[in-house]
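Spelled out from the first residue to the last, the chains are:
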Amino acid sequence: MEEKEPKILTFLCNWCSYAAADLTGTSRIQYPPNVKVIRVPCSGRVNPQFIVKAFHDGVDGVWVSGCHLGDCHYTEGNYYAQRRFLIIKSLLEYVGIEPERIHFSWISASEGKRFADIATKVTEDLKKLDSSPVILAKKR
Amino acid sequence: MKKIPKAEFINELSRWGKIFFRTDEGFLENNELSNRRPSKPPKKFVIPQEEIYLLFYRPEQKIVQKEIFIKEEKKVIFGLYPCDAKSIELIGLNFLKDPKDPYYVKRRESLLLVTEACTHPSTHCFCTSLGDSPLDRRGDIFAFGMKDYYLAEPLSDRGREAILWDKFANATEDDGKLLEKAKKEIEKSLEQFDFKNIHKILYQKYKDKIWDELAFKCVNCGACTFYCPTCYCFDVQDVERTNWGYRERVWDSCMFTIYSLETSGHNPRSAKMTRLRNRVMHKFAYYQTSYGEYGCVGCGRCIDICPVGFDIRETLKTLKLEAGHD
Amino acid sequence: MDKKIIELLKEKLENGEIEGVLGFERKQYPEKNGVIFVNHSEGFKRIADSLFNTLNIATYLGKLKGKKVAVLVRGCEERAINMLSVENQLNREEFFLIGLPCQGIVNIRKVKSLYEGEIKNIEEKDRLIMVEGDKGKIEISVSKVLSNSCLDCQRPTSPTADINIEGDTISPDADFLKVKEIESLSFPDRWEIFKNEFESCIRCYSCREVCPLCYCETCFVDSSDPQWVEPGKDVSDIASFHLIRMLHMAGRCVGCGACEIACPEGIKLSYLTSKIAKDVKEAFNYESGLTATQKPALSEFKQNDKGEFIL
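Residue numbers (my numbering), protein chains in the order written: chain G, 37 to 176; chain Y, 2 to 327; chain C, 10 to 320.
Just so you know, these hints were derived from the structure itself, not from any lab. Do not rely on the hints blindly, as some may be mistaken.
Stated by the list, open to error - Cut-off 25 Å, straight-line C-alpha distance, at most; resulting in silico cross-link-like pairs (SDA-like, lysine to any residue):
id, chain 1, residue 1, chain 2, residue 2
1, C, 242, Y, 24
2, C, 287, G, 83
3, C, 36, Y, 195
4, G, 175, Y, 73
5, G, 157, C, 196
6, Y, 45, C, 28
7, C, 242, Y, 71
8, C, 74, Y, 270
9, C, 121, Y, 195
10, G, 40, G, 74
11, Y, 273, C, 28
12, C, 36, Y, 305
Bound-form chain G, shown alone:
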């Protein structure tokens, strides 16, 4: 029986994490194809509604990545994002969404290898869960 591949919706900040993903590609480093990327200008742009809606639409996991603290292209976007991410992860886990489904990271534009490593980790973590749909997934 074919195991269903988990789908991971990924928000990457344009200046650091997305550039890191590009570097991973140009360096010909492999990473799992489960990661579906959406480019955002800054990790601070990620609205908690995106994450809840993503789960509602049926993705198995969500990963948001931004610049390292202090390196944000918009100076402080990622600081606000950090506070927001803590609340989102805590609340979603509280209602029963497994922690393996939500990941956050800071990846700089030069960390091509690290991007691939984290993408692999996120995918592996998700594969460890049973393949039942996330509780928020819509029925129809």
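Please arrange chains Y and C on chain G, whose structure you already have, making use of the hints.
Relative to the frame of chain G, chains Y and C by itself:
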């Protein structure tokens, strides 16, 4: 009127369709009858909260539309009080007007309404103030519960064909007198206001400043419209998926800000007061003008459920007083 | 209302300092205590403190924009007014706040679950609720029927009110016991609890309308482009609505419990509101609405914010 042993009555009816009994919560299968009006009205049987009626998909390049029209299984709504039975009639006035709503029609035809006389009005009931009675004969079959029997009679063709009435004994004259006595007692037990010509006062007081004061408490949440047995407003929404979607009807509420929001962005009822006033006018004036009946059955569920303590009886009383002083 | 307070308010009304008083009207059970705005001194006697003043009075301030109003407030209501002031929704200067000694609010559902028959009357005296009905009379200690939000209340007093009425306030354990209990469960068990609660939601939005901090002109639920949450009764849609609303409340919710008591289905929204209050307290050492200038938790950051969960 016939005198039918309780268990036999239920048995006969169960052959017509699945029986849903009156409970404290709503109308449920396999239940004991409660002795009060359910907190949820029976309107979901004729207008469900969510109804998908159109499916559209794109198997190849063309778009295919498919109407969803599922046959309803027959249901007996057992023990609804005359106010709830009237509410189904009132909703029908709207949906059965030409052109008839086919979804409503199929659902109404699949229902047998067995009304039971209300012997235990709830604290906020005010049906008598609107000229109705807790012992009104409504629905397809009317029944009055005694200790071991129901005094019952059919009121419609569906009711007449539902059970073998000839099998059962006729009610006696004493039974009839008991019913009359009970009617008088129960009607007296309700606090009586006189709202019988309230629509005239509402039209008169439409622009009055008193509405700002009357509507102050209301936060326009919409709870009243969901628990009201006669509120039937619906919204039509398209739900999109990648290569398919569906169109559904869902309950809407005139209390919501976007209820009258137009595509242009203009909202004729953007102020909270205007929406509250609209609801009162609709129930007690516009419905009267359009259909000759008030759109309210006096069940009091709106008063029970309102989180801020808005009371329609107080509101109508105040308006009457205001008009009286003019 | 206290005689001295009535005198003070009469004076302020007469010399034009205020245009009226906003407070709760005490009604006899089963009527609910509603909020009234009284602009003449004869009406002051209608206003009374009660354990059944279960709404958050700050929700009504929007209806009184531009008027100078005196408001009787419990701790959570005062904090809601501070939050609204910080978020530029009202001008704190326009309100004369009278702090009430908060004894908490009672959840009528809890009272009903302790009385077998049909309740005909409820009286309040000292720390007791006297319930009368067709199964006789019983006395219930208020602590047994307090709203869940009151049990987690961090601050029943109103430190930024203009004057405070003397009196004892409740001293809750404020330890987020229920939240900790849920946090100790496995993930499937947690969802069982919430699925059960959410399934009764009828999408009436009473919770949103009675909340003083839900004031968006267009709520995210009303948006169809993009459609964040779909209509209907599927539990995934209902859960999405409540979770997104709670995420919007994080760092802003004052824990008044009006949403849980207003809910016609009795959904335990306090499980969520207490959780976000606990999170912002533990992670950011923040409590909402302490002053009219304190920035909301998610509108600021500190260099030493917790970030171990980030890879």
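Status of the hints after comparison with the structure:
1. C:242 <-> Y:24: Distance ~22 Å between residue 242 of chain C and residue 24 of chain Y Cα, so the pair holds.
2. C:287 <-> G:83: 21 Å, holds
3. C:36 <-> Y:195: Holds, because 23 Å separates the two Cα atoms, which is no more than 25 Å.
4. G:175 <-> Y:73: The hint holds at about 23 Å.
5. G:157 <-> C:196: 21 Å, holds
6. Y:45 <-> C:28: Violated. Residue 45 of chain Y to residue 28 of chain C sits at ~46 Å, over the 25 Å cutoff.
7. C:242 <-> Y:71: 19 Å, holds
8. C:74 <-> Y:270: 19 Å, holds
9. C:121 <-> Y:195: 32 Å, violated
10. G:40 <-> G:74: 22 Å, holds
11. Y:273 <-> C:28: 22 Å, holds
12. C:36 <-> Y:305: Roughly 14 Å separates the two Cα atoms, so the pair holds.
The structure shown violates the earlier hints numbered 6 and 9.
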